[in-house]
Amino acid sequence: MDKDILKRKIHLQKVRNCLKNLNGVDVVCFLENTEHEKLFAVEQKYFPSVYSLDKTPEAILSCYTSEKEVIEWIKSHTGIQPHKNYYFRCSDVWVKIQIAEVETGIKSLWEHEQYLGHQYSYGFILVDEKIEKMIEVGFDSRDEYNYFYDSYSLLTV
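Residue numbers for the sequence shown, in this note's numbering: 661 to 817.
Honestly, I wouldn't trust all of these hints.
With beta-carbon atoms standing in for the labels, derived distance ranges [claimed, not checked]: (1) His743 <-> Tyr805: 32 to 38 Å; (2) Asn745 <-> Lys715: 25 to 31 Å; (3) Arg668 <-> Ala701: 18 to 24 Å; (4) Lys663 <-> Asp803: 35 to 41 Å.
Read the hints as simulated data drawn from the structure, not as lab findings. Yeah, the Cβ is synthetic: ideal placement off N, Cα and C, and Gly gets one too.
Please work from the sequences and hints to get the whole structure.
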């Protein structure tokens, strides 16, 4: 078997295992990067700037905030709604999901990196079903004492 195919299958299984641990979130389907042209265009246009760490966050919250307050902060900034579909970026794989229960789903998405073995990583990237807006919440080296929220308009993609 080709080593690249084997690596991809192992990676997809790791993603599936992560998704099984999510509560309040239902998986609709997996997408290949080339399967959905607009999501692929989002990656090409926005991901270099998302990961460049030079963007000032739109909102910040102390990492010493209680879990309950973090979940409420994410809910209020993202506007995540129950029973709506979103595209979720899970370890470089786009997955179409539906949020079944908002607070529980946000908590699971927030902690999903831990299911992938990244013990101190928090955050997620979601794109709305119409691919008009991308949101990112998380924790990174821009500011080691705060969580951040960013949004990106995708209307020009």
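These are the hints, each one checked on the structure:
1. His743 <-> Tyr805: 32 to 38 Å: holds, 35 Å
2. Asn745 <-> Lys715: 25 to 31 Å: For asparagine 745 and lysine 715 the Cβ distance comes to about 27 Å; the hint holds.
3. Arg668 <-> Ala701: 18 to 24 Å: holds, 22 Å
4. Lys663 <-> Asp803: 35 to 41 Å: Cβ of lysine 663 to Cβ of aspartate 803: about 39 Å, so the range 35 to 41 Å holds.
Figure legend: structure checked against the earlier numbered hints; every hint is met.
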